[in-house]
Amino acid sequence: MRTSLAITMILLAALHSVDAHERLSAPNGLLEAFITAKEPDGTGMKLFVRHRHSPAPAILLLQNDRWIHAQWSPDSRFLAVIDHPDGHIADVYVFGITAANPARPDRKSVV
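Per the working numbering, the sequence shown starts with residue 309, numbered consecutively.
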């Protein structure tokens, strides 16, 4: 009985991890980064960023064939990314992220 319960829990966890997408909300609550699988079989990763209250599509920042880890800065101005293109090296990127307020239209300057 315990063995079948353990196997069921392991299978459920495995199925959940295949479909799981990591979502990283910025501390200011306005921006969101998320990671999805690059390929249909779950290999590779894509990192996107978007304004949480905008209907605009997310922007692809980075993709690779292995895995990506991202973390927001405390002031929500930067997204630090560790790109692991293979099992031996890692590249670190820091993206400066700014977003216009999607609730307000762009103002045209009159000269």
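Hints are computed from structural coordinates only; laboratory data are not their basis. Backbone N, C-alpha and C fix where the C-beta goes; we use that ideal spot for every residue, glycine too. Check before you lean on any hint, since a few could be wrong.
[As the list claims (entries may be wrong)] With beta-carbon atoms standing in for the labels, derived distance ranges:
id: 1; residue 1: 395; residue 2: 337; range: 29 to 37 Å
id: 2; residue 1: 333; residue 2: 375; range: 27 to 35 Å
id: 3; residue 1: 393; residue 2: 331; range: 18 to 26 Å
Checked hints:
1. 395 to 337: 29 to 37 Å: Hint holds: Cβ distance 36 Å, inside 29 to 37 Å.
2. 333 to 375: 27 to 35 Å: Distance hint for residue 333, residue 375 is violated at roughly 20 Å.
3. 393 to 331: 18 to 26 Å: holds, 23 Å
Hint compliance for this structure: hint 2 is the single one not met.
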